[in-house]
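Chains A and B, in that order, give the protein sequences.
This note's numbering numbers the first residue of the first sequence as 245 and each following residue consecutively.
This note's numbering numbers the first residue of the second sequence as 245 and each following residue consecutively.
Just so you know, these hints were derived from the structure itself, not from any lab.
A couple of the hints might just be wrong.
Chain copies aren't distinguished; within one or between two, either way the pair holds.
[To be verified] Below, in silico cross-link-like pairs of lysine to aspartate or glutamate (EDC-like), each with a Cα-Cα straight-line distance of 16 Å or less:
1. K326 <-> E296
2. K346 <-> D332
3. K363 <-> E352
4. K326 <-> D307
5. K346 <-> D334
6. K363 <-> E345
7. K246 <-> E299
8. K250 <-> E293
9. K269 <-> E310
10. K350 <-> E329
Protein chains: 2
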Amino acid sequence: MKNYSKQREAILSYVRSVRTHPTAKDVYGAVKEQLPNISLGTVYRNLAELAESGEIISVNVGDGFEHYDCERSYHIHLHCNKCGEIIDIDASESGLFSLAEKSGFKSENAVTVINGLCKNCAKQ
Amino acid sequence: MKNYSKQREAILSYVRSVRTHPTAKDVYGAVKEQLPNISLGTVYRNLAELAESGEIISVNVGDGFEHYDCERSYHIHLHCNKCGEIIDIDASESGLFSLAEKSGFKSENAVTVINGLCKNCAKQ
DNA sequence: AATAAAAATAGTAATCATTACTGTTTTGGC
DNA sequence: GCCAAAACAGTAATGATTACTATTTTTATT
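Please put together the full structure from these sequences, using the hints given.
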């Protein structure tokens with residue numbers, strides 16, 4: 245059975261407090277402020293468990309790090325190849341899931357990443 | 245400038261011959277049949293270059309390996325969490341790109357992965 | 001077809017995000 | 001409070017990918 249831990253609470257709370265799609269290292273750095281003894285392994289384990297249980301989403305944008313996001317409804321991640329920023333845009337109306345179900349597939353979660361240049365970086 | 249090499253040709257040719265979304269190791273194993281001395285590093289380097297130039301697409305489905313796909317038009321990757329198979333379904337009409345462009349983002353490529361259970365694994 | 005510079009390769013070593021392991025601490029039911 | 005299960009901190013190990021280097025191949029030029 246799953247037990248409470250202040251470490252997991254702090255990790256989930258942090259991921260929910262930002263819209264920056266933090267990596268495990270990012271979360272570790274932030275949570276360390278409140279829990280100076282927290283271990284990096286604990287952060288990894290809890291992020292994986294939270295993603296497994298569907299409380300958060302893990303996103304791979306191709307930069308070599310796993311990113312985490314508390315937004316659970318389907319949306320698109322715009323990843324800027326220059327500055328690295330990840331911007332969300334809503335796509336809950338896209339109908340992608342029904343396309344999948346039509347082929348007999350049981351969808352659990354969907355992630356879309358579009359790589360390119362954000363507005364700022366594109367103009368430079 | 246870019247030079248010809250039989251290694252790169254064999255790699256591209258193999259990725260174009262299958263619909264299995266091979267990993268670098270898969271490609272290495274297959275191309276080794278024709279070119280027994282090919283190096284794993286050569287496979288990695290060429291796959292990265294081919295993806296960079298847009299000749300193939302790299303897809304991360306969350307299984308710890310980078311997969312490669314010769315299909316360049318926008319489509320959805322259905323990844324079965326049980327058997328690991330990756331199935332493509334067309335989604336070129338989805339309008340995802342125009343959603344991105346509307347926000348001022350310059351799209352280069354888009355990858356959608358839906359995780360879940362394929363038809364076969366779902367019925368078991 | 002010989003020559004030389006640039007590009008690519010094979011083979012190996014290094015990197016580093018993530019996972020596994022172990023002994024200790026915390027949690028939750030009785 | 002007591003105990004077993006769960007979680008933790010700290011550290012070691014894993015393994016996909018990348019970097020490095022000496023050698024070979026390619027391409028342009030003569």
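Which numbered conditions among the earlier hints are violated in the structure presented, ordered from lowest to highest? The structure conflicts with no hint, since it agrees with every one listed earlier.
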